[in-house]
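Trainee: Just so you know, the protein sequences line up as chains A and B, in that order. According to the numbering used here, the stretch in the first sequence is residues 4 to 415, in order. According to the numbering used here, the stretch in the second sequence is residues 499 to 746, in order.
In short, the hints are calculated from the structure, not lab data. On a predicted model such as this, the values are computed, not experimentally measured, just so you know. Do not take every clue at face value.
Unchecked claim - Partial pick of chain A residues on the chain B-facing surface, computed with a CB cut under 10 Å: (1) G103; (2) G354; (3) G358; (4) E362; (5) L368; (6) S374; (7) A378; (8) L381; (9) L382; (10) F386; (11) E388; (12) D389; (13) Y393; (14) Q396.
Unchecked claim - One side only, chain A facing chain B, incomplete, derived with CB under 10 Å: (15) F51; (16) R55; (17) N61; (18) G372; (19) T377; (20) A385; (21) M387.
Yeah, the Cβ is synthetic: ideal placement off N, Cα and C, and Gly gets one too.
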Amino acid sequence: METIVSNKLQQFVVGLDPTQLPVPHTLQLMAQNHLLAKDFPTTKSERFKYTRLAKLANAQMSNSLLLEKGQLSQHKILTDAYTVYINNKQIILPTDLPSGLQIKLNTEDPDAFHEASFYDVFGALNILYAQNGISIRVANNCTLDKPIQIVQVNSGGKYFYRHHFNFGENAEAAVYIVTKSTIDSNSFAHTHFQYDIAQSARIKVYKIQDCCAGHFDFHEDRAIQNATSHFEINTLTLDGSFVRNDTMVAVKGEHAQTYLNGAYWLKEEQHVANYTTIDHQVAHCESFETYKGVAADRSTAVFNGKVFVRKDAQKTNAYQSNSNVLLSDNASVNSKPELEIYADDVKCSHGSTTGQLDENALFYLRARGLSAATAKTLLLQAFMEDVLTYVKQDEALAYVHQRIADRFSWKY
Amino acid sequence: MIKIENLHASINGKEILKGLDLEVKAGEVHAIMGPNGAGKSTLAAVLAGREDYEITAGSVTFLGKDLLDLPTEDRAREGLFLAFQYPVEIPGVSNVNFLRTALNEKRAYHNQEPISAKDFMALVREKSALVELDAKLASRAVNEGFSGGEKKRNEIFQMAMLDPKLAVLDETDSGLDIDALRIVSQGVNALKSPENASIVITHYQRLLDYIIPDVVHVLYDGKIVKSGPKELALELEERGYDWIKESL
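With the hints as constraints, model all of the structure from the sequences given.
Mentor: Spelled out as structure tokens, the structure:
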């Protein structure tokens, strides 16, 4: 299918092949129509108000380079997991899966595209240009003995991926999604994750984003939760010069619980944007959302968190908070909590703070003999710690601590 | 131990300390009393190194060093301890972890090896018992959710852990009931030795029933205007401060 789009977008898609994945034809048409009217988003558009894309539009991507399995496996975080490696065009699937777990290429799973949708230019491009992706199924009543680990390593080029998860009724699983890029490569990746969560499933997703400078990392996470399910998604951004996460959870079954957490540690010229939406469509559900970050040097962070409570979603409890600490006069955070409530018997709260470390606390610690640097580190670690308490896996936590220590000289 | 001469300090251009003189020798307990706004808490803050205050004149010599030249943490490492009037709550930072870091940074400053985990925990047990501080509180986040009395006991616990040369207790009695007052005072008295000294800043004579001072000073309008034996505290309790103001 040929797509005609305007100037910068046209340049951007040069060299990309139309998708060979079984994306529904009607959806491809919608995506094309969406793009016809659009150019590369500017800061005038609401969704990109705080994100300058000129760098991306002008970026020359380095040649796509395929890595060998030995090189790829160096990027894994968990030693004992069902691990998938994704590197540009190649996907390496694990063997020896237990009964109840299926991991395939998404082309082999016709259901992988049934809920596909898009919300912006990049989402539309993904529908038209997605090269590949995986499909993971966890059967009803299956409790996985080990986590699933997806290691996606970007090494040059522009790639669109679509991954699909189907968690059966009463299934229990933890998924680690590790995103890396190779040093010195300029690359772009836009990855769409779809999570279908059946009744009473208990699913925890940990996204560990640790790309190098020069990589543009876009993530779209779309979850649909059914009744009494528990879904937790933790997005930890450890590095990467440009990261954009767009996470949307539709809660469609009663008594479901949603935990949406994020943490980001920024310095230099990093830009990290987190857009989240929790859509409470039915009654008796709870959601808890905590995003926290520190921003040093000239870095910029964006948090835009929407919570919808629809008319029928009575007795909803929804809590959202975003707090940030600025470590330099040149760092900035744009934080925008948004609540839209159409039901009348709900408990909802949101809060957003951006500031500096508490001077009184710093003085108190120094008055006990801690150096200013140690006191500051201790307070920053304490500030970020409540998001990290969700990471219960030792290797993952050790990795996160190590990377923070590398980049910020914090000692754990 | 400490010699303060002609100390002038101001905040936001307003002069609070206006030529304060005070000398405390090892083994002594000095009480500083005075009406509201006299500069009692300012003195404590200036000694600890609070940067909001500007020192416009005077000197402070602590164990032979120019105290005002040292950053806050080095004053602490040299052996100065300020028990805060309002201890700060620090969520997420555990009391014992932070104390261990404090103790080890002090030891490193004095070229000593870090304390072992075992010795440290033994010290925690010993010193928390001294102020009847629940061991659970010792391991919780610093002052978070502590009652007023627990916060003050935690201050004395920290003091016991850090074993200072000079302790400055800033209105440690404020907000304490009689039992807590007794426990806190017992802690302070137990730490008293011929090698260290205390400056007890208080509003009320009550605390001085428990911590017996060698000298009582009256701080008024930024200066020490009267000094005397412990009986002076009783006289102040009875007669208030007006007779002192009039005699100036």
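Trainee: Which hint numbers does the structure go against, in order from smallest to largest?
Mentor: Hints 1, 2, 3, 13, 14, 15, 16, 17 not satisfied by this model.
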